Each structure stands twice: as structure tokens, then as C-alpha cells.
Amino acid sequence: MADMRVEIAGVTFKNPVITASGTFGFGREYARLYDISRLGGISCKGTTLHERLGNPAPRIAETPSGMLNSVGLQNPGVDAFLRDDLPFLASQDVVVIANIAGSTEDEYVETIRRLQGSAVDMIEVNISCPNVKAGGVSFGTDPRAVEHITKLCKSAADKPIMMKLTPNVTDISEIAAAAEAGGADAISLINTLTGMRIDVNSRRPILRNNTGGLSGAAVFPVALRMVWQAANRVKIPVVGMGGITKWQDAVEMLLAGACAVQIGAANFTDAYIPLKVIAGIQEYLDAQGETCVSDIVGTVRPW
Amino acid sequence: MLQADFTIASVEQLNPTTYAFTVDCPPMAEESWCGRFVHIRCGEKPLRRPISICEIDKQNGTLKLVFEVRGEGTEWLATRKAGDVINILGPLGNGFFPNQDKPAIFVGGGIGCPPMLGAAQDYGKNAEAILGFRSKAQMILLDSFEKACKRVAVTTDDGSFGIKGFVTDVLQERLREEPDAVVYACGPTPMLKNVAALCNAQNVQCYVSLEQRMGCGVGACLVCACKTHDAQGEHMRHVCKNGPVFDAREVDFDG
Ligand SMILES: Cc1cc2nc3c(=O)[nH]c(=O)nc-3n(C[C@H](O)[C@H](O)[C@H](O)COP(=O)(O)OP(=O)(O)OC[C@H]3O[C@@H](n4cnc5c(N)ncnc54)[C@H](O)[C@@H]3O)c2cc1C
Ligand SMILES: Cc1cc2nc3c(=O)[nH]c(=O)nc-3n(C[C@H](O)[C@H](O)[C@H](O)COP(=O)(O)O)c2cc1C
Ligand code: FES
Chain R
1 MADMRVEIAG VTFKNPVITA SGTFGFGREY ARLYDISRLG GISCKGTTLH
51 ERLGNPAPRI AETPSGMLNS VGLQNPGVDA FLRDDLPFLA SQDVVVIANI
101 AGSTEDEYVE TIRRLQGSAV DMIEVNISCP NVKAGGVSFG TDPRAVEHIT
151 KLCKSAADKP IMMKLTPNVT DISEIAAAAE AGGADAISLI NTLTGMRIDV
201 NSRRPILRNN TGGLSGAAVF PVALRMVWQA ANRVKIPVVG MGGITKWQDA
251 VEMLLAGACA VQIGAANFTD AYIPLKVIAG IQEYLDAQGE TCVSDIVGTV
301 RPW
Chain W
304 MLQADFTIAS VEQLNPTTYA FTVDCPPMAE ESWCGRFVHI RCGEKPLRRP
354 ISICEIDKQN GTLKLVFEVR GEGTEWLATR KAGDVINILG PLGNGFFPNQ
404 DKPAIFVGGG IGCPPMLGAA QDYGKNAEAI LGFRSKAQMI LLDSFEKACK
454 RVAVTTDDGS FGIKGFVTDV LQERLREEPD AVVYACGPTP MLKNVAALCN
504 AQNVQCYVSL EQRMGCGVGA CLVCACKTHD AQGEHMRHVC KNGPVFDARE
554 VDFDG
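Quick note, the sequences are listed as chains R and W, same order.
The opening position of the first sequence corresponds to residue 1 in the working numbering, with each subsequent residue numbered one higher.
The opening position of the second sequence corresponds to residue 304 in the working numbering, with each subsequent residue numbered one higher.
No lab work stands behind these hints, which were simulated from the structure alone.
Hints should not be assumed to be uniformly reliable.
[As the list claims (entries may be wrong)] With a Cα cut of at most 30 Å, we get these calculated DSS-like pairs of lysine-lysine:
# : chain 1 : residue 1 : chain 2 : residue 2
1 : W       : K544      : W       : K405
2 : W       : K348      : W       : K467
3 : W       : K544      : R       : K246
4 : W       : K384      : R       : K246
Just so we're clear, the structure is a prediction, and the values are computed from it rather than from any experiment.
All chains, please: the whole structure from these sequences, using the hints.
Pasting the structure below:
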């Protein structure tokens, strides 16, 4: 059987499948359905310095082969995360990735400081959340701003940091290069694409926030293209996500240059998707005569 | 809680747009109680559809689910036949715990009636029900409620059956006779808001079952938010995990 382990910035994952931030809470709910230590890693719900109530509902709208969300970073705040949620995750033999966000530079820095010395294995820095009005997305769309915030985050962290990029930009490889220049240990992409749905009867947007972030199968080709472009540009590890709903999608991401993948919206369609993807990748590697999952990373042969 | 394929044992059409499925799902029936719900995968739709548990038969290991065709997901569901298999995640949510020591009034509006049936059956023969429909053509489950309750009142918006008017008109009268009653309600939000306002004004305990658009259904994605308040202040609760049943005094219906 092929070796499914991957190493990203010194952290070893038992397989390359991670559940995506915001779709898996802090792991407790899905732990009632299956043993979450079978996952490679868990990226926690986006956490901010202080508690946030998030946006009013409706916060979700279905789209052809996908969904929009406008949760608006509802979370209990980093101290509550450390006190109430991390101990459970830390007891689970799975890589724990804290996902953090902020409205100001200081908030990013202070949130990361509070994670110093904790059981968190890695920090994913969301510089791309489209659902928070004060800042958020603005940190992620300009290469100079990305390099700057990455430097600040890196200097506050005692763990590897992975910058999570927004797809709502003109040139993703520029943004990826800026994160690398700022000292990121890894990058992950994509976050959601800004979108909208309108109820034709009420003539009102379905989302109370009017717009939201698109994810799910619909975004997969766009995500794959961006992961490929980013991986071609930087030397640091790239974690790919966006629209993965089956093992073939995950393998495409790996071939395009992702060292590992994250799965988000697909959890809502089938709670067992991450386990099915892990099994599928394993079978693919064995059938292809590969000995190690990392051997296929970036092996697509472009025309 | 589990997610698995289960077979539809029988299908009954209750009115032109409403269907009742009896689903053969012993492990799920075992963990079910009234007011909880299941999350059903509808063909290729990326999001599951939440449907309340209407009746539970633990002996035969079946659940009865009653749903109305609203859009593409429920339309797909309506074309399933007895013997077909559907994928269900559940049972989910907190549900009702009718207080046996006090008179109970179960108030259902339209497709909000099915979860009230299971709750009334649980409570027993002394249950009272008030059911509201747009018109006689939409009426569902009346026989079952009559079997489960000592008294059933039906209102229709157009007067084509029962009392012309709203469930709150009847509720107001009943509360005059039974000021100690506990009220359990499910239906459209404007109805719940009015029921809650009426109960709050008379200091009557009231529990409402809320609807909200859902993703995961298990409490992980936080999309099904509902604003509540209590002595500790304001909260964003989640219909799938903290609900769907809430103490009406705590719900901010306009939040
Ligand atoms: C806890 C709970 C219990 C419910 N129980 C029942 C029941 O027993 N019987 C019944 O007929 N209906 C019930 N509903 C409502 C039912 O879930 C919706 O009518 C259904 O999801 C509509 O799907 P659709 O594909 O037909 O409509 P579409 O409009 O095509 O759906 C598009 C999206 O919006 C969501 N959506 C649309 N309307 C609602 C709604 N009212 N509530 C929640 N999500 C909605 C859908 O789930 C889907 O994600 C319940 C809802 C909740 C939250
Ligand atoms: C309901 C929901 C909430 C999300 N919350 C966050 C979040 O808090 N932080 C974050 O970095 N990404 C968040 N995301 C984005 C996902 O982590 C992921 O980047 C995106 O959904 C694309 O992957 P997918 O198509 O597999 O869902 C959220 C996505 C969804 C659907
Ligand atoms: S639907 Fe995901 S938290 Fe309620």
C-alpha cells in the first residue's frame, strides 16, 4: 500500500485530506458520525480575537452544483476556542489547524499571539473572507498588503503559518508570490468566490447579506486552475481546495501541484465524503503503482 | 445520529402537493422522538432537505415523514416510490418534550402540522390541537389528530372548512379556558410570531419549532442562525443543533 503521509512545513499529516474551515466546526459534530482521527487534518472554524455573532439569516443559498454562504465569521473568539474547543481536538490524534481572521492588523497579530504555546499544530490565516465588511478581503487582494500582513503574522507565530488566499483577484500567482515573500510556510486556496442569488417572487436576495461566497462542485475548475498557477509560481507547499466532491477531484488537485487538499461544502451533501476521498486516493495510488502520495504532487504534464 | 440509505416502505399522497412517506429505518427510529428532524439527500442536489419527523413506530422501526412540494428538491422527493431508497442523515435537533403535568395545546399551521402530530400522540389523550390551513383542499392529517387528541379545531383562511380565521383566534379562546396550558407550535414564521406574542402577553409557556435554511444539519457550519436572548444577553443559536424547538420567549423573530 502506498504511503499516504504528507509533510507540510514540518507537520506530518497521516493522509492528504483535511476538512475545510467553516464547514466542520471544531470537529465535535462529525465525531459523532465517524472517527475523525482518520482524517489527515482539521481546519477549524475561522476564529477572531473577540466573539462574533455573524450575519443575520438566511446565510445559505443553493446554487447549481454549489452553494453560497454568508456566515460572517460567527465564532466564540480565540480564548473560548483555546478553553472549550481545542482540548477536545488535541485529544484526537489528528493535525489541528487553527484558522484565524481579523478586521485589523492588530487583531490578526494578537489572535496569533494567543495561540502561542497551544496544542495547535499549524495556523491558517484567512486573508480572504468576503463576509466581513471591515477589512477582511482587502488584506488579500493587493500583493503588497499580502506580503505585509504575512510578515506580521509570521513574526507573531510560534507555529507554521499557512496563508489562505482569495480567488477574487486578477492574478493569483502574484498573490501567492507575495505570501511566499512575506515568509509564509505554506499557502492554501481557494476561499469562496463572491456570488449572489435573488428570489424572483420577493425580488429580494436569498442571502440576508445580499451577497455571499460560492463553493462546492461549481467552483472546482476555477480552483484547480488557480492551484496550478500558484504551485507553478512558489516553492512553499500549496494546499488545494474548492469544489472537491470526489477522490478524482482530489487527485487532480495533487497532480496540479497541491501537497494536500481540503474538503468543505461536500461534507454537507455526504458526511462521509472525506473518508471516501481518502480511500479513493489510496486505491488510485496502488493501482498506479505509486509508493508515496507525495510522488504524484505536481506531476501533471501540461501541453 | 447516522447517515445511511433507507427504503421507503409506503407512499401516500395527502393532498395535491403533500406526500407522506413511511421509511423503514430501525436504527434511526430508535433514536427518534417527536420534534426532531432528518436531513434528506434529494438526487443530485448539493444540499440536503430538512424534514420533520411526523410519527415514530419503534416497534416496526419506521418513521413517517410528511412534506410539501416547494421547489426542485421536494419535487424530486415526491417522485420516489415505495421500494426506492433515500439517503438520510439523522435524527437531528432537540425536539419537543411535552410536559405531562399541564394541559397541552398543539398549534400547527399548514405543513407545520406534521411534527405536531407526533408531539400530540406522545402527550396522550388529553392533548388539544388547533390546525390552520389556507383552505379545505390543503388540509392534512385531520383523522390522525382526531384520534390522538380529545379536541381538534381547524381554521381555514377562506372558511372552506372549520372556522374562518387564524389559529391565534382559537388559541386566544382556549387560553381563556385553560390558562395553565403549555403551547407547542409549528408553522410559518408570521404565525409563530403571533402565537408567541399571544402566549407571552398571557404569561403562557410556549415552545416553537423554527425553520431556517440549512447546510450541514449537525451544528458544524453555523448557517442556520436564529437570534435569541436570555438573561445572559443576545445569542446566535442554530436551528439544527440548539433547535428546531425553542422557548418562544427567547426567540427574536425579526433577528
Ligand atoms: C427543521 C425543519 C423541519 C422541516 N420540516 C418540514 C416538514 O416536515 N415538511 C415539509 O414539507 N417541510 C419541512 N421543512 C421545510 C423544508 O425543508 C423545505 O420546504 C425544503 O427544504 C424546500 O426544498 P425545495 O428543494 O423543495 O425548495 P427550494 O426552494 O428549491 O430549496 C432551495 C434551498 O432552500 C432551502 N429551503 C427552502 N425553503 C426552506 C424552508 N422553508 N426551510 C428550510 N430550508 C428551506 C432548501 O432546503 C434548499 O437548500 C422543514 C424545515 C426545517 C428547517
Ligand atoms: C459555510 C461555510 C463557512 C466557511 N467559513 C470559513 C471560515 O470561517 N474561514 C475560512 O478560511 N474559510 C471558510 N469557508 C471557506 C472554505 O473553507 C473553503 O475555502 C471553500 O468553501 C471552498 O471549498 P469547498 O468548495 O470544498 O467548500 C467557509 C465555507 C463555507 C461553505
Ligand atoms: S445547518 Fe450547519 S449549523 Fe445548522
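**Request:** Sort out whether K246 of chain R lies within 30 Å of K384 of chain W, counting only the CA atoms.
**Result:** 28 Å, holds
**Asked** Regarding the pair K348 of chain W and K467 of chain W, is the alpha-carbon distance no greater than 30 Å?
**Response** 39 Å, violated
**Item:** Proposed proximity, K405 of chain W with K544 of chain W (alpha carbon, max 30 Å)
**Value:** 27 Å, holds
**Request:** Sort out whether K246 of chain R lies within 30 Å of K544 of chain W, counting only the CA atoms.
**Result:** Holds. K544 of chain W to K246 of chain R sits at ~27 Å (cutoff 30 Å).
Hint 2 from the earlier list is the only one contradicted by this structure; the remaining hints agree with it.
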